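*Asks:* One letter stands for each residue in the lines below.
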Amino acid sequence: MNRRIRTFAYSVLLTGALAAPSFAQDEDALKKDLTSVIALHGQPCGEVVAVKVQKENDYFASCKDGNRYHVYESEKGRVVVDKQ
Amino acid sequence: MRVLVVVLSMMIGAAGCARKAPETPQPTAATADASPPAATAPAKPSTAPPSTVANNPEEEGAKPPQVTTAKPAEPASPSTPAKPSASTPTAEPPAPATPAKPAPSTATAKPAPTKPATPAPTTKPATPPAQTAAKPTAPAPRATSPNPTLDLTALKEQLKSTKAIGLMTKLTLKNQVDDLLDGFRDLYAGKGKNTMPQLRQSYDMLMMKVLSLLQDKDQKLASDIVASREVIWGLLADPKKFAALDV
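Residue numbers (my numbering), protein chains in the order written: chain A, 164 to 247; chain B, 5 to 251.
Warning: the hint list may mix true and false statements.
Stated by the list, open to error - Facing chain A, from chain B, some residues (calculated, C-beta under 8 Å):
(1) 175
(2) 179
(3) 181
(4) 219
(5) 221
Said to hold, decoys possible - Mimicking DSS-like on lysine-lysine, the simulated pairs with C-alpha atoms at most 30 Å apart in a straight line are:
(6) 160/B to 227/A
(7) 245/B to 194/A
(8) 194/A to 227/A
(9) 213/B to 194/A
(10) 218/A to 239/A
(11) 245/B to 239/A
(12) 174/B to 239/A
(13) 167/B to 244/B
(14) 194/A to 195/B
(15) 160/B to 239/A
(16) 246/A to 244/B
(17) 224/B to 246/A
(18) 221/B to 195/A
(19) 197/B to 246/A
(20) 218/A to 174/B
(21) 245/B to 213/B
(22) 227/A to 215/A
(23) 178/B to 197/B
(24) 164/B to 215/A
(25) 160/B to 174/B
(26) 194/A to 224/B
Honestly, the hints are just simulated from the structure, not real lab data. Since the structure is predicted, the reported quantities are computational estimates derived from the model, not experimental observations. Even glycine gets a Cβ: it sits at the ideal position worked out from N, Cα and C.
With the sequences and hints as input, model every part of the structure.
*Replies:* Here it is as structure tokens:
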């Protein structure tokens with residue numbers, strides 16, 4: 164019994180260790196994506212350092228320079244960047 | 005616990021091994037550089053001794069062999085064309101050549117004609133690689149230009165599927181492309197606030213945005229877009245072709 168529990172614990176740890184980098188990569192990609200979007204709209208940001216996901220294609224982005232933006236896709240299919 | 009310790013020790017060991025690899029290429033490069041000077045040095049020892057003594061103290065220990073290869077080239081102009089092709093550091097040979105020659109040039113008239121002769125071969129080998137590097141890029145646009153519509157479709161699909169640009173960025177770029185197309189529609193309909201030069205500027209800016217996003221992660225697509233840049237503009241700037249576009 165003990166052996167099974169150990170094996171299970173190791174597998175959980177291993178899965179977590181392997182999955183963590185992929186989550187980090189996804190978050191980094193999202194930050195870069197939003198950084199590009201904000202820059203394409205001509206807004207000052209520098210670099211997005213934190214992202215809060217509201218829903219699909221709807222984010223709150225915090226920039227390195229302190230600015231915060233609401234980045235979302237409108238009903239017309241346009242990407243909107245609102246300064247908060 | 006033991007298994008965990010073993011796994012950790014293996015990971016640490018593997019990480020340590022990865023750093024040793026870069027050391028091996030360095031010695032191989034050094035040996036490659038050292039061999040050519042040994043072969044060239046015995047070829048012309050007569051003029052080399054005085055000049056090498058002057059230059060060796062200035063440079064590092066690894067470079068003196070390269071200087072010796074350059075100096076045999078100075079006295080005889082025909083020998084120089086062979087060496088610049090082999091040795092990429094062309095900056096060093098001309099530098100010692102000019103200070104070494106002024107002294108003999110005052111004595112005799114022959115060194116004067118050799119001066120222009122030696123720089124000429126050194127510059128000639130330098131320019132042909134540049135021309136050859138430019139030539140491969142030139143044929144690519146020519147090859148793509150005959151069928152612009154196919155390229156446009158392929159580029160559209162490639163842009164949609166590339167992972168170099170995030171989803172929101174793609175949406176933003178699509179919005180800007182749509183705005184640009186609306187600008188052309190307005191212009192051709194006679195409502196235009198924008199003039200053709202202004203639209204060209206917008207087009208160029210949009211291209212730069214796309215290329216700046218692509219150039220690091222998807223160089224092939226970036227080069228494809230650069231190659232078909234003028235073709236796309238040709239489609240946009242011609243009202244008939246623009247009307248025929250399915251956008």
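*Asks:* Which numbered hints turn out to be false for this structure?
*Replies:* 3, 4, 5, 6, 7, 13, 14, 16, 17
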